[in-house]
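Model the full assembly from the supplied sequences, consistent with the hints where possible.
Protein chains in written order, with my numbering: chain A, 18 to 222; chain B, 18 to 222.
One or more of the hints may lead you astray.
The list treats identical chains as one, so a pair stands whether inside a single copy or across any two.
To be verified - Lysine-lysine pairs mimicking BS3-like chemistry, simulated, CA-CA at most 30 Å apart: (1) Lys191 x Lys135; (2) Lys135 x Lys104; (3) Lys135 x Lys95; (4) Lys95 x Lys191.
Source of the hints: derived by calculation from the structure; they are not laboratory data. Remember, predicted model here, so these are calculated numbers, not experimental data.
For reference, the chains in residue letters:
2 protein chains.
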Amino acid sequence: MSMFVESVMTDLLALQPDAQDLLFREARSANAFTDEPVTEEQVAAIYDLVKFAPTAMNTQPLRVVLVRSDDARQKLLKHMSGSNRDKTESAPMVAILAADTDFHETLPRTFPHFPGAKDLFADDAAREQAARFNATLQIGYFIVGVRAAGLAAGPMTGFDSVGVDADLLPPHLKSIVVVNIGHPAENAWFDRLPRLDHDEAVITL
Amino acid sequence: MSMFVESVMTDLLALQPDAQDLLFREARSANAFTDEPVTEEQVAAIYDLVKFAPTAMNTQPLRVVLVRSDDARQKLLKHMSGSNRDKTESAPMVAILAADTDFHETLPRTFPHFPGAKDLFADDAAREQAARFNATLQIGYFIVGVRAAGLAAGPMTGFDSVGVDADLLPPHLKSIVVVNIGHPAENAWFDRLPRLDHDEAVITL
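So this is what it looks like as structure tokens:
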């Protein structure tokens, strides 16, 4: 794409170019971090921002499980695959992003205009599927939120989720992604991988 | 939460407050739209922004299927549930957000440093699951992108996805969300529904 076309397209957005860069164009998944800590207050600010993004029937099943104690970190490391173990060992903050399969318990408060909402999710398998789907949407928002905090995220699916659930989480939480969070080290990323062209991803009927 | 705490937490973010509002705090899922059109160029600008957000192994399975012709719109409306039908009938732009189960075909180009990537997805069921998971992450990014374009999104899961797939999509695409896109009408939204408190969603181990 020519520079001309790219600048025209940037102008079609209401979001300012520096914010576009912060969240998408210059943001990268980090593989290594500096020692600078990430605080629970920063995670709270991220949650306080991204909680407003939409989920189906306002179900909000995402749970952000911060792995702060040495004991929890060691338990988690056992279940990380290959090179993800080293990344997770050295990251200043690690979160297990999980789906709460008991999300329906809060619907009388979070979807109050439809009193039958909770009963729609009586079936365990369908409820877990809804929990995983909506939590995954929220993981997308959360990754954007980490970047909005000026931090780098290193999201990973390469881990033994059954082992993580058994060793670290209560039975109603199902791990989906483990994300390292911090300030990127100098050698934090590989080269940017190619993205699909517009005409490969956008189809008109 | 007190005003004081809220302003402190906003200051913990690198993203400017007006951008926080545009993408999250003031953005809402719209139920009605003005007649102002949404162009394919605007959708291209959204895609050109959100394509950079991460997916597992750079799989990028999301396909944005724009429902532009009258014939396609009529076919889609038949499969929308209840009040979603009226919203979709009147929206200036409607997109079916779908997962491409043939995403692995592009991995030799999009994940070139690992020649075995495509073969990891030989199993049809596992590949469809990976397609749906990563496309759902990308749907989260896309909704943020619609808002970055100064537009309102109305994402919906209330439709017959099997019918949509059969009537509108090629066999390798699986519909996940239908999203209406436009400028919000005066009566575009209901009251903001409650979000979970920090201590309900963020857990420390």
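Structure-based check of each hint:
{"no.": "1", "hint": "Lys191 x Lys135", "verdict": "both (19 Å within a copy, 27 Å between copies)"}
{"no.": "2", "hint": "Lys135 x Lys104", "verdict": "between (39 Å within a copy, 25 Å between copies)"}
{"no.": "3", "hint": "Lys135 x Lys95", "verdict": "between (37 Å within a copy, 27 Å between copies)"}
{"no.": "4", "hint": "Lys95 x Lys191", "verdict": "within (17 Å within a copy, 35 Å between copies)"}
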